[in-house]
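**Q** Let the hints inform the model, and build the full structure from the sequences given.
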Amino acid sequence: MVEDWKSYEPLLIPDIPNLHKIDVYEDNGGYEAFRTVLGDQDKWSRKNVTEEVKAANIRGRGGAGFNCGLKWSFMPEPDDRPRYLACNGDESEPGTFKDRNIFEFNPHLFIEGALIAAYAMSIDTIYVYVRGEYIDWVNKFEEAVEEAYEKGYIGNNILDSDFSVDLHTTYGAGAYICGEETGMLESLEGKRGYPRVKPPFPAQKGLWGNPTTINNIETLANVPLVINNGAEWYQSIGVEGHTGPVLYGISGHVNKPGVYEYPAGMPVMDLINDVAGGIRGGKKLKALIPGGASTPILRADQLEGVSMDSNSLREAGSMMGTAGMVVMDEDTDMVDLLWRITHFFHHESCGQCTPCRDGTGWLEKVMVKIKNGNGEIKDLDLLLDMTTMMEGRTICALADAAAWPVRHTITRFRDEFEARCKKSVHAVA
Amino acid sequence: MPEVFIDNERYEFEGDHMALQFILDQGMEVPFFCYHPSMSIPANCRQCMVKAGQYIKDDETGEYELDENGERKIRWFPKMQTSCALKLQDGMVIQTQETSEEAERAQKDTLELLLINHPLDCPICDQAGECPLQIQTYKYGPEGSRFEVKKVHKPKRVELGPRVTLDAERCINCTRCVRFTEEISETNQLTIVSRGDKNYPMTAPNQEFDDPYSMNTVDICPVGALTSTDFRFKARVWEMNQTPSIDITNGKGCNIDLWTRDNQVLRITPRQNKAVNDYWMPDEGRSAYELFNENRASRPSIKLDGSNQSNTSWNNAIETFAETIEAHSGDDVLVIGSPHASVEENYALNKFFNLLGASNARFTPHIIDGYGDGFLITDDQAPNTNGCRLLNLNETDHKDLATAISKAKVCIILSDNLVGRKVVAASDLGNTYTISFATNMTETAKASDLVIPITCVAEHAASYVNIDGRIQRSFPAKETKYTNRRLNLEMSEGRLDRYGTNFDNWVSEEHKVDCLPLWDFLNKLAERLGLDYHVNHSRTILAEISSAIPSFENVTFEKMDEQQGIQLNLDNQKIKQK
Ligand SMILES: Cc1cc2nc3c(=O)[nH]c(=O)nc-3n(C[C@H](O)[C@H](O)[C@H](O)COP(=O)(O)O)c2cc1C
Ligand code: SF4
Ligand code: SF4
Ligand code: FES
Chain A
6 MVEDWKSYEP
16 LLIPDIPNLH
26 KIDVYEDNGG
36 YEAFRTVLGD
46 QDKWSRKNVT
56 EEVKAANIRG
66 RGGAGFNCGL
76 KWSFMPEPDD
86 RPRYLACNGD
96 ESEPGTFKDR
106 NIFEFNPHLF
116 IEGALIAAYA
126 MSIDTIYVYV
136 RGEYIDWVNK
146 FEEAVEEAYE
156 KGYIGNNILD
166 SDFSVDLHTT
176 YGAGAYICGE
186 ETGMLESLEG
196 KRGYPRVKPP
206 FPAQKGLWGN
216 PTTINNIETL
226 ANVPLVINNG
236 AEWYQSIGVE
246 GHTGPVLYGI
256 SGHVNKPGVY
266 EYPAGMPVMD
276 LINDVAGGIR
286 GGKKLKALIP
296 GGASTPILRA
306 DQLEGVSMDS
316 NSLREAGSMM
326 GTAGMVVMDE
336 DTDMVDLLWR
346 ITHFFHHESC
356 GQCTPCRDGT
366 GWLEKVMVKI
376 KNGNGEIKDL
386 DLLLDMTTMM
396 EGRTICALAD
406 AAAWPVRHTI
416 TRFRDEFEAR
426 CKKSVHAVA
Chain B
1381 MPEVFIDNER
1391 YEFEGDHMAL
1401 QFILDQGMEV
1411 PFFCYHPSMS
1421 IPANCRQCMV
1431 KAGQYIKDDE
1441 TGEYELDENG
1451 ERKIRWFPKM
1461 QTSCALKLQD
1471 GMVIQTQETS
1481 EEAERAQKDT
1491 LELLLINHPL
1501 DCPICDQAGE
1511 CPLQIQTYKY
1521 GPEGSRFEVK
1531 KVHKPKRVEL
1541 GPRVTLDAER
1551 CINCTRCVRF
1561 TEEISETNQL
1571 TIVSRGDKNY
1581 PMTAPNQEFD
1591 DPYSMNTVDI
1601 CPVGALTSTD
1611 FRFKARVWEM
1621 NQTPSIDITN
1631 GKGCNIDLWT
1641 RDNQVLRITP
1651 RQNKAVNDYW
1661 MPDEGRSAYE
1671 LFNENRASRP
1681 SIKLDGSNQS
1691 NTSWNNAIET
1701 FAETIEAHSG
1711 DDVLVIGSPH
1721 ASVEENYALN
1731 KFFNLLGASN
1741 ARFTPHIIDG
1751 YGDGFLITDD
1761 QAPNTNGCRL
1771 LNLNETDHKD
1781 LATAISKAKV
1791 CIILSDNLVG
1801 RKVVAASDLG
1811 NTYTISFATN
1821 MTETAKASDL
1831 VIPITCVAEH
1841 AASYVNIDGR
1851 IQRSFPAKET
1861 KYTNRRLNLE
1871 MSEGRLDRYG
1881 TNFDNWVSEE
1891 HKVDCLPLWD
1901 FLNKLAERLG
1911 LDYHVNHSRT
1921 ILAEISSAIP
1931 SFENVTFEKM
1941 DEQQGIQLNL
1951 DNQKIKQK
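Each protein sequence line maps, in turn, to chains A and B.
First residue of the first sequence: 6, per my numbering; consecutive thereafter.
First residue of the second sequence: 1381, per my numbering; consecutive thereafter.
Worth double-checking, as some hints may not be accurate.
When the alpha-carbon atoms are kept at most 20 Å apart in a straight line, the in silico PhoX-like pairs for lysine-lysine are as follows [what the hints assert, rightly or not]:
1. B:K1861 x B:K1802
2. B:K1530 x A:K376
3. B:K1534 x A:K370
4. B:K1530 x A:K383
5. A:K156 x A:K196
6. A:K370 x B:K1531
7. A:K370 x B:K1530
8. B:K1578 x B:K1531
9. A:K370 x B:K1578
10. A:K374 x B:K1459
11. A:K203 x B:K1467
12. A:K210 x B:K1467
13. A:K196 x B:K1578
14. A:K261 x A:K288
15. A:K376 x B:K1534
16. A:K26 x A:K156
17. B:K1437 x B:K1467
18. B:K1789 x B:K1683
19. A:K374 x B:K1530
20. A:K203 x B:K1459
Keep in mind the hints are simulated off the structure, nothing from the lab.
**A** See the structure below:
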């Protein structure tokens, strides 16, 4: 657990006015990392860059927490095929809204990270895929890209080196599933966002069948920090096993919702009470969804001593996800909450896999029944059984993401659910 | 050799194999829907779940590691695997529903989920009886359903195009139809629209599903979502009778099945033959069933005076035929064989008239340049052009044939609509005595002086040589007035054929055509003429051909049946591929 967080100075989104402008960014050391790498390609060979990033263990901020540099090392040796970096800014998981702040306040940090990644993996084309509802941020981001092109950070023979890369921005049409990495690849190819069966993995067969790496926006924004300061320095931020700065998106019943940057491993209660100003209206905390709607909900009594890092959250019975924390006070109706979550996943299932396509709909419909007071105890057991019918049996993790909240919300708040299943309460009595 | 262990049995394998296909190849079963051996593997139905793992091998010794009980150690994969997309590895262990309760449970769960939004309208669904969803539900599905909430509703009776109708509620979203138009017919006319449990296949806005192969999607749709607009609600599959045959509408010779009920062909579907048509056939070939039922030449007819034909008796037809022949010398008789008729018919006819002193039969190929698509639709509009060539019939172009007709006193035409396909005009036939052996009352038959009705491909066993030189044969599917299923061992019997009585629907004499196989008629004619000619059956004709003509050496019905057709020697100059 991080103790000294109060003295932490933001690194991803420092409080510098107009940092989104390239001149301001450069004045504050921007593009230094990229210059360093391109300027000394002996020291910063492609392999060395990858090794450094791997040693830093930037855990993927898109939700799965995979070591960024390790993922890069899966790319095959260059051949005559094109190679792609697909940057995931789809950000559609309920409770998650942190990449948006990077697009708005520090887009060049991400661009710089993406460029270094492209260099390290000999990539010639970068795609940035942004959530469609973020059209204002797409526009802002495109201005930043244009500036970077003008300054010669993107394009041919960048900074007089032999490295060339292009960057294209594109956006989705409102589907959560296009944030799943292979769903995104299909979408980028202009197809329906149907996630692909793996293997083959994107590094082998990604965009148009060519080697491709997919990283989250925030993940890549960490890369220049690692190059500038070294893996060891990066490892000193946060806690063992989960390092570096994290953008915590805090929403729900707090006084000051928002995106806050602190090290990984922040004490959960400090984030809620100090950073986000405590529970609204002086109410009591009831529950927390720590990392986006798919991560298992934790009761207030499960949060004691828990910190926002993968180990601590796993021990507590949940996951880090995207660090999009949804805070709920004592008035929150867990049945309503769970219905709303099942509604989301029902709405967003792409519909390929039977367990997900039909399971998500069934989950929601049973939740509606319970919510409307027509539930029976057997419905709860049915819901729990359905989570088994869905989990681990589909092409992508959306079915798991839909099943977990059901399983954990019901088991962790069973009384509340049973109380709503009036019918059988009477029948049994 | 690499080995795998499936349900505790050891199997060796070589090369790349996916578990599902490998299991099916061993004659075992795992239920599946979306997988199709000729298309990409989307693994989306999740029906083919198996439990899988890997025996652990010691890197150094290469031996399997053993546990304390001396059993091989297994590393199970953390999740169930879809066997369709599971590549076999050396030392892999697979447990299907036969040996793994987990696999059995997963398969049952998937079926329960597939059915929650399915309308369960089997009693009125065309697919019932041949429906993978129905069959696999009975076999692997749950006893009942726990689904007590509302089903999703979707569009019904959507005419996707001229030949295919969609009931989106029945769709299980396996994407076979979409993949067919992407990967096989390459028209890309179908896609899935909408998301999650609301999705269904559809054409692009304002687009029609008029793919020339569209009806193959009806065959591969594992439920009754895609139905043939033409066949819809016409028959229950279990009332029909299925007979293997050959598509005679073009030169490819797609292998097909004729589906009959009460001696009417009700539909045609492709029959798999890797060497010819795989699982597919063009839509055009499917509408040929009408030719077998409608507008048939039934009872001989004769032109008495003027242009009016009227039916006559077989005796009178034979007598008239014989008198005409007797009144002319062999030189006066022009015999026209047909690429639309079988090898046996062309051979028998030619031989018969050779014996009478007529010169070799001619034939005119029926080819439309540019009509073919390089896949299963060919320029050649006839099923047996190469058969005629290999029989050494005299290949004659339109002009020469018209000249020959104008010089002949008697003209014998074997089922070929020369008038309809504009080789000659009806008036060209006016100056000669024209005798047509006809399956259908075509313009040519109607313009003839004497029409001898003969059996069509649906009524006889006969062979055809396709554009690639492959000889394949038909089986009798329909009875004629003179045949009986119970006596003809080549004919299959459906439930109604076997047990139906005249009190049943779909049992009648109505659809039996009054026609004879060409060779039967020639026997009768030979007897009347006192000619030394007799053949029993197309089988004996083929035996004769096979000993007389080298290209047909060793060709028999039995061999064709065993090998799904026989590739004839292509070195022969006469074979043309078009
Ligand atoms: C249903 C679903 C939706 C997802 N949506 C997003 C998303 O919006 N943004 C994102 O970065 N990752 C998303 N992911 C995770 C990605 O699949 C992938 O793991 C991630 O982009 C990899 O980047 P990282 O390793 O840098 O985290 C999603 C995953 C699933 C299963
Ligand atoms: S799990 Fe759901 S969202 Fe993912 S591919 Fe399957 S149906 Fe689509
Ligand atoms: S219509 Fe049939 S073939 Fe097409 S997706 Fe649905 S079930 Fe599959
Ligand atoms: S057949 Fe394997 S998933 Fe459909």
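**Q** Take the hints in turn and mark each one as holding or not.
**A** Okay, the hints, checked on the actual structure:
no. : hint              : in the structure
1   : B:K1861 x B:K1802 : violated, 32 Å
2   : B:K1530 x A:K376  : holds, 15 Å
3   : B:K1534 x A:K370  : holds, 17 Å
4   : B:K1530 x A:K383  : holds, 17 Å
5   : A:K156 x A:K196   : violated, 34 Å
6   : A:K370 x B:K1531  : holds, 10 Å
7   : A:K370 x B:K1530  : holds, 8 Å
8   : B:K1578 x B:K1531 : holds, 10 Å
9   : A:K370 x B:K1578  : holds, 14 Å
10  : A:K374 x B:K1459  : violated, 31 Å
11  : A:K203 x B:K1467  : holds, 12 Å
12  : A:K210 x B:K1467  : holds, 17 Å
13  : A:K196 x B:K1578  : holds, 18 Å
14  : A:K261 x A:K288   : holds, 14 Å
15  : A:K376 x B:K1534  : violated, 26 Å
16  : A:K26 x A:K156    : holds, 12 Å
17  : B:K1437 x B:K1467 : holds, 18 Å
18  : B:K1789 x B:K1683 : holds, 16 Å
19  : A:K374 x B:K1530  : holds, 10 Å
20  : A:K203 x B:K1459  : holds, 13 Å
The structure shown violates the earlier hints numbered 1, 5, 10 and 15.
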